[in-house]
Amino acid sequence: MQTEINILDFALAFLYVVAISAACIYVRLLKIKTQPHYKYFYIGLLAKMIGGIYFAIFSVFYYKGGDSLFYFEAGKACNEYITENIAENVGFFVNPYIFNDNHDFLHQYMYGSKDVLTIVYHTTIISFLGLKSYLVCTILFSFISFIGLWLGYSNLCKIYPNASKYLLVGFFLVPTAIMWSSGILKDTITQGAIGWILYSVSNIFVFKRRKVFGIIIIFLASWAIFNLKPYLLYVYIPCLLIWIQSIYKAKIKSVFFKVTILPILFISLILLSYFISVNLSKDAGKYRFDKLGKTLEGFHSWHGFLAATQDQSGYSLGEFEFTPLGILSKVPASLNVTYFRPYLWEVRNLPTLLGAIEGFVLLLFCLYLFVKLRLGLFSKIYKNKEAYFMMLFALIFGVVVGISSYNFGALSRYKIPAEMFFITSLILVYYDYLAEKRIKNR
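Numbering (our numbering) for the sequence shown: 255 to 696.
The set of hints was computed from the structure by calculation and includes no laboratory data. All residues carry an ideal CB built from backbone N, CA and C; glycine is no exception.
Within a straight-line C-alpha distance of at most 30 Å, the following computed DSSO-like cross-link-like pairs (lysine-lysine) qualify:
id : residue 1 : residue 2
1  : K503      : K462
2  : K412      : K505
3  : K419      : K505
4  : K505      : K639
5  : K465      : K637
6  : K639      : K287
7  : K412      : K639
8  : K285      : K412
9  : K293      : K412
10 : K503      : K691
Simulated restraints on C-beta separations:
id : residue 1 : residue 2 : range
11 : F632      : I501      : 18 to 24 Å
12 : N416      : Y363      : 46 to 52 Å
13 : L300      : I469      : 30 to 36 Å
14 : R628      : S367      : 44 to 50 Å
15 : F624      : G366      : 41 to 47 Å
16 : K637      : Y363      : 48 to 54 Å
Build the full structure now, drawing on both the sequences and the hints.
In structure tokens, the structure reads:
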């Protein structure tokens with residue numbers, strides 16, 4: 255049965271939005287005196303919820319299908335099986351494979367891969383809270399994702415207290431991210447988890463607080479990402495370790511220590527991140543290191559096929575081999591397509607138009623910074639610890655998604671974490687530029 259959105263769904267959605275908004279406005283009032291950036295709390299929440307509602311309506315009435323609806327239907331079916339016989343089926347929450355041998359269960363596709371099963375598992379839980387309404391469940395997904403993102407944003411604002419309104423853009427006001435990371439999708443959960451990890455790492459290493467809680471959160475958030483998009487961790491973990499090394503480097507005053515010990519520490523962190531990533535990949539199925547090249551090539555071929563046969567706004571970087579040298583040759587083109595394409599003349603549908611406008615504005619912002627700072631732009635990124643680690647992630651991950659996507663629809667989803675860090679890194683550089691300009695004008 256095809257998922258529908260009716261008057262009852264809109265009525266329920268309105269009640270949920272009012273309840274969530276009331277709670278968040280109360281939190282805002284409590285926090286704003288000691289944490290001024292909380293004046294943007296409701297703006298960020300509203301952006302996520304509006305994005306979720308728009309995505310749900312778009313999926314049902316425009317696309318009339320898609321991954322989100324498949325996940326919801328499977329989660330709803332699990333919900334119904336559990337409520338029909340609670341004593342027998344409640345074990346799903348401990349062992350989600352209990353329906354695997356049930357031939358009456360029509361959603362066996364959810365057992366096809368671990369990432370699909372994970373998102374269906376989360377959807378099942380949320381469907382109980384959302385009364386099995388697709389629109390309400392979407393709002394709850396967007397709210398849960400918002401919490402993680404807000405905590406990451408909040409800690410960054412404590413490091414840069416006067417940059418909160420600029421940082422809001424990178425975290426909450428990027429149009430394609432608002433749409434594609436606010437629905438019942440893997441990207442919604444992974445974005446929230448990225449925020450939780452950023453929050454916890456900064457708590458442990460910058461603010462020296464809540465260390466035990468932070469370690470638990472890092473483990474849980476990493477587990478969520480690993481089950482949905484493990485390749486994110488292959489890039490995120492090394493970049494975080496480089497950030498941690500930069501934090502300690504800034505605190506060390508001894509020149510001797512910096513020259514002798516820090517290089518050893520840096521190499522140790524790189525080896526540690528490699529060891530962690532390799533061990534994570536052992537249980538990552540098609541995302542194992544030894545299978546990653548073939549997986550990327552498969553994405554490349556499948557998305558290219560969709561672009562050719564179903565008019566899904568495809569692009570090409572030209573022919574190349576999936577080897578280190580082949581990928582290296584496409585770095586400039588892949589970064590260009592990730593952050594600045596589709597161009598306005600490549601637009602074929604409404605979602606692509608949104609991405610084209612966004613890419614054009616981002617290109618203008620990059621050109622503005624380059625004109626103002628010239629080569630100093632690169633040194634400012636390097637000297638700012640947070641901007642450096644975020645840009646490093648954005649460049650590496652941006653290459654991966656640019657090479658593997660091959661249609662703009664898939665690219666809009668895959669690039670969300672990279673684009674968030676790319677924009678935030680540039681915003682931190684822009685903030686430093688404005689601060690220096692104000693000092694000179696005094």
